[in-house]
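Sequence order for the protein chains is A and B. The numbering used here puts the last residue of the first sequence at 228; the count rises by one with no breaks. The numbering used here puts the last residue of the second sequence at 593; the count rises by one with no breaks.
Don't read these hints as lab results, they were simulated from the structure. Treat the hints with care, as some may be off.
One-sided excerpt, in silico: chain B residues whose CB lies under 10 angstroms from chain A [stated by the list, open to error]:
#, residue
1, Ala274
2, Gly275
3, Leu276
4, Pro301
5, Gln304
6, Tyr309
7, Leu316
8, Met320
9, Gly329
10, Arg331
11, Ala333
12, Pro334
13, Arg374
14, Ala375
15, Ala378
16, Leu384
Over the 10 angstroms line for every Cβ pair with chain B, so calculated as not near, a few chain A residues [as the list claims (entries may be wrong)]:
#, residue
17, Ala33
18, Val55
19, Thr71
20, Leu83
21, Val195
Just so you know, even glycine gets a beta-carbon here, dropped at the ideal spot from N, CA and C.
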Amino acid sequence: MLSPAEIEALLLSLRISAVAVLCALPVAIALAALLAHRRFPGKAIIDGALHLPMVLPPVVVGYLLLIMLGTRAPVGAWLLEHLGIRFAFSWTGAALASGIITFPFQFRAIRLSIEAIDSGIGDAAKTLGAGVFDRFVNLTLPLALPGIIAGAVTAFAACLGEFGAIITFVSNIPGETRTLPLAIYSALQSPGGEVEAARLSMLSIALALIGVTLAEFADRRIRVFAGR
Amino acid sequence: MSISVRIRHDFGGFELAAKFAVDKPGITALFGPSGSGKTSIVNTIAGLLRPQEGNIVIGGETVLDTQSGIFVPPQQRRVGYVFQDARLFPHMSVEHNLRFGWRRAPIPAEESEFGRVVSLLGLDALLTRRSVKLSGGEKNRVALGRALLATPRILLLDEPLAALDAARKAEIMPYLEKLRDEAKLPMLYVSHSLDEVAQLADSVIIVKDGQTVAQGPVFEMLADLDISALTGAPSFGAVIDTRVSAHHDADGLSVLSFDGGELIVPLLRRDIGQRLRVRIRAEDVMLAAEEPRTISANNVLLATVTTLRESGSTHADVQLQCGKARFVARITRASAHRLGLNPGMPIFAIMKSVIVDPQAHTVAP
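My request is simple: use the sequences and hints to build the entire structure.
In structure tokens form, the structure reads like this:
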């Protein structure tokens, strides 16, 4: 049904999206927990900066990554020389770009769900002897779980569709950075590739439907768990 | 276990200034109208509010001293807190809620203590239930158990009954009375309800406009004319600590005795010798200079006038002493003149009605 190259693109897409979401998730939770319920000068600026990837053209994000992390760019060269980490023209670079672009989806959903937790419950936990970390692990995380799942699923779906930042930063290398959207684009560029493009598009639509259904199911189960 | 509190905090236009000490187990009511600062006072004791100035000592440990910069965070104070809205953890079962503080106590209570609190509060059937599925009264009982099981040094109760309807209040009241009578730890009970204070408290601290203005035993405070003038509330009447001394089943009456005489009330389902608090409203007391022999009222006591105070434009409040019990009669000023009332004068007090906890007529706790 699918050609080996198409299966490769599908698996690559899933892997890049999963890595991107899982790596960005702890950062999103930590920043959301720090920024929720807290007021300090400059909060609006930090908040705006964290939402920037959502509103910037993805090509700009890809370009910025390229001039920072390209093999001859200062940071990229240092990472390659000292830690052996290479982002440019590698699937890890695609995951990094997707993770940055979709970070605001996770951050926003998690922060909203943390802010929705009644602060009185935290006070009750304090009087029962629970310290900061204890309250974070046993109250904040479980009560924010619906938001965490929702944010992660939305970000995963958005990762699957990422195109501009990936093609700008890590190019379109089959088996390395050619994800589904890039494969569709390549198929359309080659003569007689319309059928392949259509098939891959159908695949994308099916993936999206599965994702949405899973998210809905998980959300319902978790709402029961969290007692909402 | 004792507690002493001296705090001052300026909320910008509203100044909180509280100073009091409690050195006995039992219930001390913080009584005052809504907005008088009662909750802020208990929040400083729990450590949820850090006052600008002050000193709080709980069981010999200084948990707050602004001069030397001591501030023990709430999670290290071992102060139990029962909030008005229960604040159970919605994602946990009743049992997990109950064990939350128990697990975190520096010296956790024995497992047998868990069973004891569960049965004291009638929670056995609720343990596996999800806390969000409970009724309002059940939630408050779980919150009470959760606070007790954290082995606190002092228990703060912030209007735990205010959000409940009359039936739910009646459901919780006996548990609070049991807790009071066990007298294991001092409890500060925030309330603006005179009924609750009269039924539950051993002593009362009056809070007015952010200040603690008076403190004393409930039986004296509620019959004190100065206190009713302070709070601006109508005269309290009286709370009398009695014991059930006899039942006359044929007449459908029970006799309650107290230091100062006996009171006759409709038949109670309580054992002889059991303690029972009764309230007598100032409006329900009539005065007579001579002993009224032919009268329908059952309760006529010989008392002594101790204080007289004019109340409003037409009334006078008369404080009476009968043995150790104090109560108040509210009569018209014209009557007071006609009777020629003076402090020290003996007088017959006729009680039109004696208020008994309605549960005493039906079930034994």
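Hints, one by one, checked against the model:
1. With its C-beta approaching chain A no nearer than about 5 angstroms, Ala274(B) sits inside the 10 angstroms limit, and its interface hint holds.
2. Here the hint on Gly275(B) is kept, as its CB sits about 7 angstroms from the closest CB of chain A, short of 10 angstroms.
3. The closest approach between the C-beta of Leu276(B) and any C-beta of chain A is roughly 5 angstroms, which is under the 10 angstroms cut-off, so the hint is satisfied.
4. Hint on Pro301(B) holds. Least Cβ distance to chain A is approximately 7 angstroms, under the 10 angstroms limit.
5. Restraint check, Gln304(B) versus chain A: the minimum CB separation of about 8 angstroms is within 10 angstroms; hint holds.
6. Below 10 angstroms, beta-carbon pairs count as interface contacts, and Tyr309(B) has one with chain A at about 4 angstroms; its hint therefore holds.
7. The closest approach between the C-beta of Leu316(B) and any C-beta of chain A is roughly 8 angstroms, which is under the 10 angstroms cut-off, so the hint is satisfied.
8. Because the smallest distance between the Cβ of Met320(B) and any Cβ of chain A comes to about 8 angstroms, under 10 angstroms, the interface hint for this residue holds.
9. With a cut of 10 angstroms, the hint placing Gly329(B) at the interface with chain A holds, because the nearest CB-to-CB distance is about 3 angstroms.
10. Interface restraint check for Arg331(B): the shortest CB-CB distance to chain A comes to about 8 angstroms, inside 10 angstroms, so the restraint holds.
11. For Ala333(B), the shortest C-beta to C-beta distance to chain A is roughly 6 angstroms, which falls under 10 angstroms, so the interface hint holds.
12. Hint status for Pro334(B) relative to chain A: holds, with the closest Cβ pair at about 8 angstroms, below 10 angstroms.
13. About 7 angstroms separates the beta-carbon of Arg374(B) from the nearest beta-carbon of chain A, less than 10 angstroms, and the hint is met.
14. Taken as an interface hint, Ala375(B) checks out: its beta carbon lies about 7 angstroms from the nearest beta carbon of chain A, inside 10 angstroms.
15. For the restraint placing Ala378(B) at the interface with chain A, the shortest Cβ-Cβ distance is roughly 5 angstroms, inside the 10 angstroms limit, so the hint holds.
16. Restraint check, Leu384(B) versus chain A: the minimum CB separation of about 8 angstroms is within 10 angstroms; hint holds.
17. Distance check for Ala33(A) against chain B: the nearest CB is about 17 angstroms away, which clears 10 angstroms, and the non-interface claim stands.
18. With a closest Cβ-Cβ approach of about 34 angstroms to chain B, Val55(A) is found to remain outside the 10 angstroms limit, as its non-interface label requires.
19. At roughly 48 angstroms, the least C-beta separation between Thr71(A) and chain B is larger than 10 angstroms, which holds for a residue marked as non-interface.
20. Interface exclusion of Leu83(A) from chain B stands, the closest Cβ pair being 40 angstroms apart, more than 10 angstroms.
21. Its beta-carbon lying about 50 angstroms from the closest one in chain B, Val195(A) satisfies the requirement of being farther than 10 angstroms from that chain.
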